[in-house]
Amino acid sequence: MDNYTVNKYNDNYKEQILTIWENSVLATHDFLTPNDFKEIKELVSNINFNDFQVFCLMNENLILGFIGVADKKVEMLFLDPNVFGQGLGRKLLNFAVEELNADKLDVNEQNTKAFKFYQKFGFETYERTDKDDQGRNYPLLRMKLGNFNQ
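In the working numbering, the protein residues as written are 3 to 152.
Hint data in this document are derived by calculation from the structure and do not stem from the laboratory. Treat the hints with care, as some may be off.
[Claimed, not checked] Below, simulated DSBU-like cross-link-like pairs (lysine-lysine); rule was C-alpha separation at most 30 Å, straight line: (1) Lys-106 with Lys-93; (2) Lys-16 with Lys-146; (3) Lys-146 with Lys-43; (4) Lys-93 with Lys-16; (5) Lys-115 with Lys-75.
[Unchecked claim] Derived CB-CB ranges, DEER-like: (6) Arg-144 with Glu-101: 19 to 27 Å; (7) Phe-119 with Ala-72: 14 to 22 Å; (8) Arg-130 with Ala-72: 17 to 25 Å; (9) Pro-83 with Lys-16: 13 to 21 Å; (10) Asn-63 with Asp-132: 36 to 44 Å; (11) Asn-63 with Gly-89: 30 to 38 Å.
In this text the structure is predicted, and so the values were computed from the model without any measurement. In this text, a Cβ means the ideal position worked out from N, Cα and C, and glycines have one as well.
From just these sequences and the hints, can you work out the full model?
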């Protein structure tokens, strides 16, 4: 299972990436209240993924993860929890940095594994917010790629 491709998003992928988003968030965002999860899920399901650069990591016809970039900022990076720890997040992040010139992102402060992953990749925190972008009590760490990429 090591023959991966990165494909540009198309609407046929939406159902699969929404499932990956949900499973990934349930596995990594245990700090979300059930009501907040429900509200965020509704917001995500209404996103037009064609509005920014979204790419899917594929193994044949199966999507294993996806990344979305707008204005050089990683807006989303989610993997199927069954493939956590296999270097696939790094593959997607490398793609975003090298091909899409991504150099910044936000991460939930409570998502410590993701924060450490981004730090290890070379991202550095430059700002902390008290709330997320929707005004919920989930602080964000705003990160920028440091000079020592990888």
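- Message: Just to be careful, I want the Cα atoms of Lys-93 and Lys-16 compared with a cutoff of 30 Å; is the pair within it?
- Response: With Cα atoms ~21 Å apart, Lys-93 and Lys-16 stay inside 30 Å; holds.
- Item | Range hint compliance [Cβ, Arg-130 to Ala-72, 17 to 25 Å] | Cβ of Arg-130 to Cβ of Ala-72: about 21 Å, so the range 17 to 25 Å holds.
- Given the hint of 14 to 22 Å, check if Phe-119 and Ala-72 actually sit that far apart at their C-beta atoms. holds, 20 Å
- Within 30 Å, alpha carbon to alpha carbon, are Lys-16 and Lys-146? Within the cut-off at roughly 28 Å; holds.
- Message: Hint check: Lys-115 vs Lys-75, CA-CA at most 30 Å. Holds or violated?
- Response: Measuring from Cα to Cα gives roughly 19 Å; hence the hint holds.
- Could you see if the CB distance from Pro-83 to Lys-16 stays within 13 to 21 Å? For Lys-16 against Pro-83, whose Cβ atoms are near 19 Å apart, the range 13 to 21 Å holds.
- Does the Cβ distance between Arg-144 and Glu-101 fall inside 19 to 27 Å? The hint (19 to 27 Å, Cβ to Cβ) holds, given that Arg-144 and Glu-101 are roughly 22 Å apart.
- Message: Can you confirm whether the C-alpha distance between Lys-146 and Lys-43 stays at or below 30 Å?
- Response: This hinted pair holds, its Cα atoms lying about 27 Å apart.
- Hinted pair Lys-106 and Lys-93, Cα distance within 30 Å: holds, 16 Å
- Message: Verify the CB-CB distance for Asn-63 and Asp-132 against the hinted window 36 to 44 Å.
- Response: Since the Cβ atoms of Asn-63 and Asp-132 sit about 43 Å apart, the hinted range of 36 to 44 Å holds.
- Query: Should the hint that Asn-63 and Gly-89 are 30 to 38 Å apart at their CB atoms be regarded as holding?
  - Reply: violated, 21 Å
Violated hint: 11 only; the structure is consistent with all others.
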